[in-house]
Amino acid sequence: MNKNLIFGAFALVLLALVWWKFGPDPISDFTIPMAEGEAVSSWNYQGTYTGNVEFEARAHAEIERLEKLFGSKEFTDYVLYVSIANQYGLLGNGEKELEYLQKALAFDSENTGLAWYNAGILFERFGANKTARYAFEHAVAAQPIGQYRLALVEFLKRHYPGDAAIAEQEDAAGSSDGEISY
Amino acid sequence: MSITTKATTKVASVAIGLALATSMLSLAPMAHAAALTNAQVQSILSLLTSFGADAATIANVQASLTGGTPSVPSTPSTGGSSCSFSRDLTVGSTGADVTCLQNALKAAGYLSANATGYFGALTQAGVVKWQTAAGVTPAAGYFGAKSRAAFNVGGGSTPSNPGAPITGNGLKVMLASDSPNGTALVAEQAIGELAKFTFSNPTGSAIRVTNLALKRTGTSADSTLTNVYLYQGAMRLTDAAGISNSAFSFNDASGLFTVPAGGMVTVSVRSDILAGSSGQQVGVQLVSVASNGTLDSSASFPINGGLQTISSASMGTVVITYTGPSNATENPGTEVRVWEGSTVIGTHAARLESITFENRGTSDDNDITNLRLYVDGAQVGSSVAQLTDSKATFDLTASPLRMETGTRIIKVMADLVGGSGETYDIQLRRAADLRIVDVELNQPVLATDNDASFPVSAGTANNIAGATLSVVKATNSPSTNVSVGASNVKWSSFEFRAAGEDVKIEAITVDVDTTEGDGMNNVKVFVNGVQVGSTRDVGGENSETGTEFTFGSSFIAKQGAITVVDIYGDAKEAGDTNYASGATVEVGVSVATGDTEGMDSGDAVSSVSEVEGNQISMTAAGTTLSKASGYGNQTVIAGTNNVKLGSFTLSAGSTEGVNVNTITVTLSSDESASVTDLMLKDSSTGAQIGSTKASVSTSNSFSSNFTISASGTKTIDIYGNIKSSANAGSWIANVNGSGTGATTATSVSFGHATDSTGSLQTITVGSATLSVNVNAGSTPDSANAIAGSSMVKVGSFRFTSQYSAFTIDKLAVKIPNGGATSVSAVILKGNGLPTEGVSAAIALPSTVQSYATATFTGLTFAVPADQNKDLDVYVNIPTIASGATSGAAISAVLDFNNEFSAKDSSGTASTTMTTSTSGDIASNDVTGKGTTYVRKSIATLAAPAAASATLAAGTDQVLGKFTVAADAAGDIDWGQVVFTVTKTTSVTIGDTSTVKLYDVTSASTQVGGTFATSTATQGGESFVGSSTGGSLHFRPTTVQTVAAGSTRSYELRGTVAALASGSNNVSVSIAAVKTSASANAIFSTIAGTLGTAGNTSFAWSDWSDPTDHASSATGSSTTDWTNDYLVKTLPLTVGSRSVNI
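Residue numbers (numbering that gives the first Met the number 0), protein chains in the order written: chain A, 0 to 181; chain B, 0 to 1140.
Calculated directly from the structure, the hints in this document are not laboratory data. All C-beta atoms, glycine included, are put in the ideal place defined by N, C-alpha and C.
From the structure, some residues in chain A lie toward chain B, with a derived Cβ separation under 7 Å:
hint, residue
1, Phe54
2, Glu73
3, Thr75
4, Val78
5, Leu79
6, Val81
7, Asn110
8, Gln146
9, Leu149
Work out the full structure, taking the sequences as your base and the hints as a guide.
As structure tokens, then:
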């Protein structure tokens, strides 16, 4: 075998490894845009497990376990990203929680509402209500199921009561197109 | 040249001609003129009139023609403007006076140029011409003192403006600025205005004008002026003057009128106009003035008034018939009708502008006062205080009274305050005393007396009877209550009126009527605010005779005046004993005939019977107690400190303030045993009153030292601590107390220790409770939730407090065992909790329990007293990957008696919440609400629009379309769908063997499987024409898989036939939806036997049992199938086609 060919092949393999290690992660490319005028200075919050050593350890172990499930075919990557995000949520690590939700959205941001919905919860927690509304609305648009519609209506009641009434009426009317035109 | 200019030129030419003619006449006295007949003179004057000559010119011409002296020998007229010459004018002079002179010269024809205000050569030449004509020498064109005098003789001056300083060295006389000129008079009218002259007096002394000599002017005759009078405003100053040879005069040695020092008076010459004199012109010139003063050097006579034209018109009529008292005898007094006339207004409505009455009786001016004019019962104009020179003029000029045609009653009312033994005879002396103007002709009507000639008066004068004395209670006589023991109290006030003459009152009798006691102590009589007579007691138990107070000559009631008599005294009996509280007192006065004497006649007047003052009540100083209006009944809980146990208001009486010394709070034994630390506080300031009663007894007396002012109030609150051991029940404090009158020191008391007059608010000692129920309105309907969802609302609970606020500091939320492993956290949200809520992890029991519990400690969830507060429960659901179980049912249960702690406002802790079941309360206690079903993935059905809504016959007609979408969380399988078909009876869709389902996601591929029907009428094989529809069950041979995050589309097709005339339609839906969830189970359990009624309309799996499912989706080990409950968006219409044939 031509040494040059061998060397070239080796070089290509090396480049591929470097790219794999340091190149951009296509899954993490999706970013939920923060609404104008909204910013979150610190993403940490009091999670359910925050401060409870036993539970925190449990969450970290779960994250580790979930990471290993990628590629196992038992669960979709989407679900695994959301699962890990949820563990970070229990730990009160909003930054990582959002990071993994966005990974899920990179996987599917149009047909599935779960990551949008959880992102809405997260943004509302930090008072970024315009962005939260954006997320809740996308959850309903992706899947107009009762869970997401109810969450959106209740969110609007809390922060945009004028719009909530309209959304509630449409919800009661059984709108099924995934759009709430308030 | 325009027509207008031509006309103007013509008029100017005539005017100049007339002016020249006038000048010529003045320069050549016509000694022979007297030889002209009156008709000839009138012809000349008429010609002048037709030329538009002004009144002065015509007057001068007439004077010349009739042998008189022209008053204006070629004097330039200012045309009524005011030229004031105060300096010499010559070439080079400028100013308004130059302009005025130029205008005058031009008007007289001596100057052709227009006025410029500059005295130049043309003006000088004009002045020379005028001086020559006027005889001013030398005629050099210098306008100096001689010229000014000559100018003023010609009437060039006008009266000073009112308000301007009056200057000069004596009485000035001039034609009034508003003297009439060219007024249209009417033949047979009354008092037509002929001229007005103004007299101004620059001196420091009043000047009486005693004689005015006047002359009639114009083309009239002496007889034209049938009665000529002199007026000052509305007041007629003279009787009619006689006219001879045009001359007439007004004389009064005592003064026709008086011009005050520095003042001004304008008089009018008015005359009744002869009937049939229309066409004549008439005016007046003032020839001379006599007075007790000196005429100003500027005065020059005659002073010509303007000429008025007499026209012919149908004047209105006024006919008066006297209807007042005649030969009556009136007692002196008020409101006496002294004149009345029935007045008939004819032809035109009339405007009453003034009317003057004159008393021709023997009474004096001050005997008749307060004269008022009434027309048809309504007073018009102002009252006239009293007669002046026997006359009273009602001047309505400023606001005339319009009287329509018909009969009007004109009446004069007056007070006869004097003149006992004398007569009064109020007369409307002459028609000239009534200025009543025809509203259409605007000239006074000549009134007539219906009975005879004027005056309109009684046939015989009326008599004024002897003096009278009247006494009435003054309107402000006291009526308010008097404090017991008060001194020097004004008890009554009276008004004494003497009429006819002044009356001396030598004594009055004061009588005191009381319901308790005897007379009055220290009584005084005040006359017009000054005590007369001595202070003395009025005595006599139950006596009506009273006590006489004598005054000698110190009390004389003036005729026509009100004399105020006040009676003062102490609120005590004659024996110096206080009137008792509640007694009433009336103090009256009477006058005996023998105690009176007319000051003129010496006769006594009639006695005055007793006139009572107001009844006055004696009141002791007092205070009343009432419950404070701003504090109602209360419910408190045992163990509460600083409770407001009552609030009351003390109100002092109006007679005097009260010093409050003691307040006692009375309680029952049980009540006193329930309370500690009883205290009183001023409600407005919070200041404590008296000392705190740490140990409370049934009678708790508090010393106080505050004063409530008369009519004042003070609100006092009672506070105390309710013992924890206090029995439940009502608690009512009674309050009473005492004090003294702030002025009289009399004792007062208030409230009551036992009866309701001292009872305060009801304070109910109750047991505080905190109850909880499912808040159905806010608890979500049961629903599927995607595993992995955060903050899923499961339930809402409403806490309700009673009697006390509560703060919940500890709470346990239980998750039923089947759902507990599918919950990673429980979050509570509610008003008062952090916005993001508080969360707790689920503690999974180590042994099998019904529930897992999330316990919340350190809460500060406050529920205000007697209010509601909602608490919402959310859960975080982990993903299936993290342990959630598909199909798990999650609900929230509040543990009513474990891990619960709340404190009421008294600090008492409660470890049990009250529930309707006396047990736990669950979010799904309300049917259809409060359960969340966990799904690994979710199927969502939708119905895309059909390609055509028109029903058509044929095979493979699309009857319905639907899609099944799978959540990205995982694949979805479905293994059965049940359609509900409705149709018009004629239409058939083929046997079940001919109906097909196609997968049209990408290509159109028939889905293999079996159709069946559970509708018996279809015979299991066909939808016959006689039916209106039925069920159509389909089960694919191989379960349909919808990949995670993807959607598959399906079409139901059939053979449509037998379309009939009219409306044809077929509608398909997936409608037979379950109303409760099924536990995850194997396919056959969920789907049932194909074609069986009641089968789930959509059997689906979320692959939550992935290993078994991958092996055999419908195998006996694959327990991840569920029914259609909560599947969105079922029920769903998937097709509706119709056609009208």
